[in-house]
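Colleague: Residue strings, one per chain:
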Amino acid sequence: MPDTLPSGSLRACLHGLPGVDEVGVRRRAADLATRSIKTTAKRQAIDLAIRMVDLTTLEGADTPGKVRALAAKAMRPDPADPTAPAVAAICVYPDMIPVAAPVLAGSGVGLASVATGFPAGRTSLEVKLADTRTAVAAGATEIDMVIDRGAFLAGDYRKVFDEIAAVKECCGPAHLKVILETGELVTYDNVRRASWLALHAGADFIKTSTGKVAPAATLPVTLVMLEAVRDYHAAGGRQAGVKPAGGIRTTKDAIRYLVLVKEVAGESWLDPARFRLGASTLLNDLLMQRTKLGTGHYAGPDYYTLD
Amino acid sequence: MADRTPSAPARVAVRRTYKLYLGGAFPRSESGRSYPVTSSRGVHLANAALASRKDVRDAVVAARKAFPGWSGRTACNRGQILYRIAEMMEGRRAQFAGEVAAAQGMSEARAQGVVSAAIDRWVYYAGWADKLGQVLGAANPVSGPYFNHSQPEPTGVAGILAPAGSPLLGLVAVLAPVITAGNTAVLVAGERAPLPAVTLAEALATSDLPGGVVNVLTGRLSELAPPLAGHADVNALDLAGAGELAGELEELAAGTLKRVVRPGLHDDWSAADPGVARIRPFVETKTVWHPMGV
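One line per chain: the protein sequences are A and B, in this order. Number 152 in numbering that gives the first Met the number 0 belongs to position 153 of the first sequence; there are no gaps in the numbering. Number 199 in numbering that gives the first Met the number 0 belongs to position 200 of the second sequence; there are no gaps in the numbering.
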């Protein structure tokens, strides 16, 4: 449920947040990125990262066949190795939800749909809500909505808040992830404000990016967002999750994010219910590293599916 | 005014760092290690980078990345670039000759001969680049109204263990045919005499050869060869310098069905006309059936 904020205090609340020490955030993210995770810890990290992946395809060229193949891969990422865990969810455009739903039924793998005029979000509230309702009705268990960055940057926080709250209401039982599109928010202060705004408005997850804007997910931005969910929880709010998405391609990257989660938010966030990695090519690299640890030989991409 | 005053201090020598050649750059080993290289008489020559299995991994990634671009070049263009490599080596002739003489314990004159042969080998394979299709391909007679033809295509990423006894000519003799066919290569230089390989890498870097097509590693054969042979993203393996490891490496390579060239096959490096013997193992044959109209 959205928090009840006294009218007019939203701006005061967001601008009352402490500013982000930009140099400090970058430095801390870079320091944590140097941590070395090896052998058994690496094995655990890889399996955890696989369980946290939102396997994503958001292309104009997506076909029903590609989405079905993606769903099959989500349930059993490595056909040659049944011990490889399933991913957390697949993430597709709303019109592909009816295609993926029957494939994933009963598997425990979530079905996420982007909605609300993804990726730009430049459409009317009615259309955004209809978009969300259609996706939920078709079987989406998670909704990835985009915020109105134009309104946010113009200072119209109330509009952004109301939109998130309205979409949250349409979601029903489905989890709501709010995409901040940090690449368009320019400053870390804005990222912090947008994070708190989304949390107050009822977000279950805050997500960095659509993947359509560069820069997408970065370690410092994710650090600021992890601080926001941690502080929001410490202040008596829900324990919301974070999802960096876009540009995470290697196992090394993924493990850096896990280190960040543990050190910034805490161990209880090291769970697919509280942290996700939005990615498409990352999964193959995780599987290759997993195979390498198992067999001792470097694996090659020829042995894994392309999508 | 004299150029030199009596009190001028002796100039500090600018010594060369012998590094790896990975993806078109010259990094030190990921491990930060190096090892001393001595001449055939035991005189210390330099310290070379002691590559690790992670450098092997990075080299394979670089070679894989360079493969579509290199194999997609026209054969004619590959020939031109191979000839350019010969030109660049010619400019460094003195350096090569010095390194070969020190490594193999031969006279300056004989070393010059070896360098000439190595340069000529590039020119030789430069000529082969656009003639492979004619020699290894065929128009096949078939019983039907089809035009049926076969063409050689590069195998992919090749791992090459350079021959130990011939650090320049032998190295060129195994490397040139592999890239002539459009493959990309991860080359492990001879452990005892890696310096000519590093100098060759510096010539390659200035010869229009795209970065990553040839990646040169120096270090212990016993450390670098097994991960290379077992790597699933390596498609072919030349064991010219494998020595007694050959059997073990062949077994590892079989795990991912690599093409393997065993040591001892056509390894008279001084033969000036080796033909396609070392090219053929690194190509795949594609056969196309094309319906013939009336």
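These are computed hints drawn from the structure, not numbers from a lab. The model shown is predicted, which means the values in this text are computed figures rather than measured ones. It is possible that part of the hints are untrue.
Listed below are the simulated PhoX-like cross-link pairs for lysine-lysine, each with C-alpha atoms no more than 20 angstroms apart in a straight line [what the hints assert, rightly or not]:
hint, chain 1, residue 1, chain 2, residue 2
1, A, 41, A, 251
2, B, 53, A, 41
3, A, 37, B, 53
4, A, 65, A, 251
5, A, 291, A, 37
6, B, 130, B, 285
7, B, 64, A, 251
8, A, 158, A, 211
9, B, 18, B, 53
10, A, 251, B, 130
11, B, 64, B, 53
12, A, 41, A, 291
13, A, 211, A, 37
14, A, 291, B, 285
15, A, 41, A, 261
Colleague: Each hint needs a verdict: does it hold in this structure or not?
Modeller: To see whether the hints hold, each was checked on the structure:
no. : hint          : result
1   : A:41 - A:251  : holds, 10 angstroms
2   : B:53 - A:41   : holds, 16 angstroms
3   : A:37 - B:53   : holds, 14 angstroms
4   : A:65 - A:251  : violated, 27 angstroms
5   : A:291 - A:37  : holds, 13 angstroms
6   : B:130 - B:285 : holds, 16 angstroms
7   : B:64 - A:251  : holds, 19 angstroms
8   : A:158 - A:211 : violated, 23 angstroms
9   : B:18 - B:53   : holds, 15 angstroms
10  : A:251 - B:130 : violated, 44 angstroms
11  : B:64 - B:53   : holds, 17 angstroms
12  : A:41 - A:291  : holds, 11 angstroms
13  : A:211 - A:37  : violated, 33 angstroms
14  : A:291 - B:285 : violated, 32 angstroms
15  : A:41 - A:261  : holds, 14 angstroms
Hints 4, 8, 10, 13, 14 from the list above are not met by this structure, while the remaining hints are.
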